[in-house]
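Asker: Listed below, chain by chain, are the residues.
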Amino acid sequence: MGANRCVRRLVTEVRRIVRGGGYSLAWMRAMSITWCLILVAGILYFSVIGLSHQ
Amino acid sequence: MKSFIRHNSLSLFFLAIFLLALAGQAIAGHNLHNEEAKEHGDELISLGRYVTSSEFGQAVMENWQSEYLQFMLFMLATVWLLQRGSPESKELDQAGVESKQKQKIEGAAERKSPLWARVGGWRTQLYSNSLLIVMGLIFVGSWFAQSVTGWTAFNAEQVDHEGKTISYWSYLGSSDFWQATLQNWQSEFLAVGSFAVLAIYLRQRGSPESKPVGAPHDTTGVEG
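Residue numbers (our numbering), protein chains in the order written: chain A, 110 to 163; chain B, 26 to 249.
Because the hints were derived from the structure by calculation, they are not lab data. Fair warning: there could be bad hints in the mix.
Interface residues of chain B toward chain A, partial, derived using beta-carbon atoms under 8 Å [as the list claims (entries may be wrong)]:
| # | residue |
| --- | --- |
| 1 | GLY73 |
| 2 | THR77 |
| 3 | VAL85 |
| 4 | TRP89 |
| 5 | SER167 |
Footprint (simulated), chain A over chain B, 3 or more residues, beta carbon under 8 Å [what the hints assert, rightly or not]:
| # | segment |
| --- | --- |
| 6 | 29-39 |
| 7 | 172-186 |
So the derived list for chain A, only partly shown, Cβ under 8 Å to chain B, looks like this [claimed, not checked]:
| # | residue |
| --- | --- |
| 8 | GLY111 |
| 9 | ALA112 |
| 10 | TRP136 |
| 11 | TRP144 |
| 12 | LEU146 |
| 13 | ILE152 |
| 14 | PHE155 |
| 15 | SER156 |
| 16 | ILE158 |
| 17 | GLN163 |
As the structure is a prediction and not an experimental result, all values here were calculated from the model. Note that beta-carbon positions come from the ideal geometry of N, C-alpha and C, so glycine has one too.
The following block holds chain A by itself, in its conformation from the complex (with noise of 0.2 Å):
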């Protein structure tokens, strides 16, 4: 339960990150989303290939 409201905090304060300050274009944010994913997907995939092998 807590960790559940530490998550939703979490995602809306970087929601506020991404939206405040008059920064809203929306490609915008889809490009940065975009290569947050690759980063986020490549790391976890080749750490579970790593670990899933051994």
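Chain A is already provided as a structure; the job is to place chain B on it using the hints.
Answerer: Just chain B, lined up with the frame of chain A:
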């Protein structure tokens, strides 16, 4: 759509050549793997199997970690360290984290400043270092991924040659891990250091990474 492409052309261009280079690496790596397997009389594998192998993972991750370390260190070093004449350096009297006014935070924030730059306290502190923190996390994450894929690839080779497998912690102290790590680090440090120095005397017209073509050699911290 046209303006989307124009306004995001830098990241779209690098996204496209990143995906092409990654695909090229996978194909070339797969061919090399199978050529070596043929020479040793081992079983050939499919491209799909190769891109899910630790061998491919290690090759990709060791380059990722070094790139993020390079950017992270460069960002951190240029807060305090200077290079006279370089557009990559700050002006010679600007070393340090700079004043709130110059950084437009808290009371000096503008109407359109991000909320976390305006509010002060821990949120502004965190946001003031957020780029470094995220680059650092990507560096640590990809270095970890390099270590586990490298460990698995190393042990697979040991099994092939009837050698002894080693624990993860032993692998972290091994020559295999540090050779793969440092061969990437040295090239990144060389590239950054030489770029900062070459940009004192050389120019690229129109690039924000260079000084204006007519700027004097001893002008520091000016971008074109």
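Asker: Does each hint fit the structure? Answer for all of them.
Answerer: Each hint tested on the structure:
1. GLY73: At 13 Å from the nearest chain A Cβ, GLY73 of chain B fails the 8 Å test, so the hint is violated.
2. THR77: THR77 of chain B check passes; min Cβ-Cβ to chain A is 6 Å, inside 8 Å.
3. VAL85: For VAL85 of chain B, the interface hint holds, since the closest Cβ of chain A sits about 7 Å away, which is under 8 Å.
4. TRP89: Status holds, d = 7 Å.
5. SER167: holds, 5 Å
6. 29-39: holds (count 5)
7. 172-186: This one holds; 8 residues, not fewer than the three required, reach chain A with a Cβ under 8 Å.
8. GLY111: Violated, because the Cβ-Cβ distance from GLY111 of chain A to chain B comes to roughly 20 Å (cut-off 8 Å).
9. ALA112: Constraint on ALA112 of chain A not satisfied, violated at 19 Å.
10. TRP136: Because about 5 Å separates TRP136 of chain A from the closest Cβ in chain B, which is inside the 8 Å limit, the hint holds.
11. TRP144: TRP144 of chain A check passes; min Cβ-Cβ to chain B is 7 Å, inside 8 Å.
12. LEU146: Cβ of LEU146 of chain A sits 11 Å from chain B, so the hint is violated.
13. ILE152: holds, 4 Å
14. PHE155: Since the shortest Cβ distance to chain B is 4 Å, the answer is holds.
15. SER156: It holds, given that the least Cβ distance between SER156 of chain A and chain B is near 4 Å, below 8 Å.
16. ILE158: Given a least distance of 5 Å, the restraint on ILE158 of chain A holds.
17. GLN163: Where the cut-off is 8 Å and the nearest Cβ of chain B is about 5 Å from GLN163 of chain A, the hint holds.
When held up to the earlier numbered hints, the structure conflicts with 1, 8, 9, 12 and fits the remainder.
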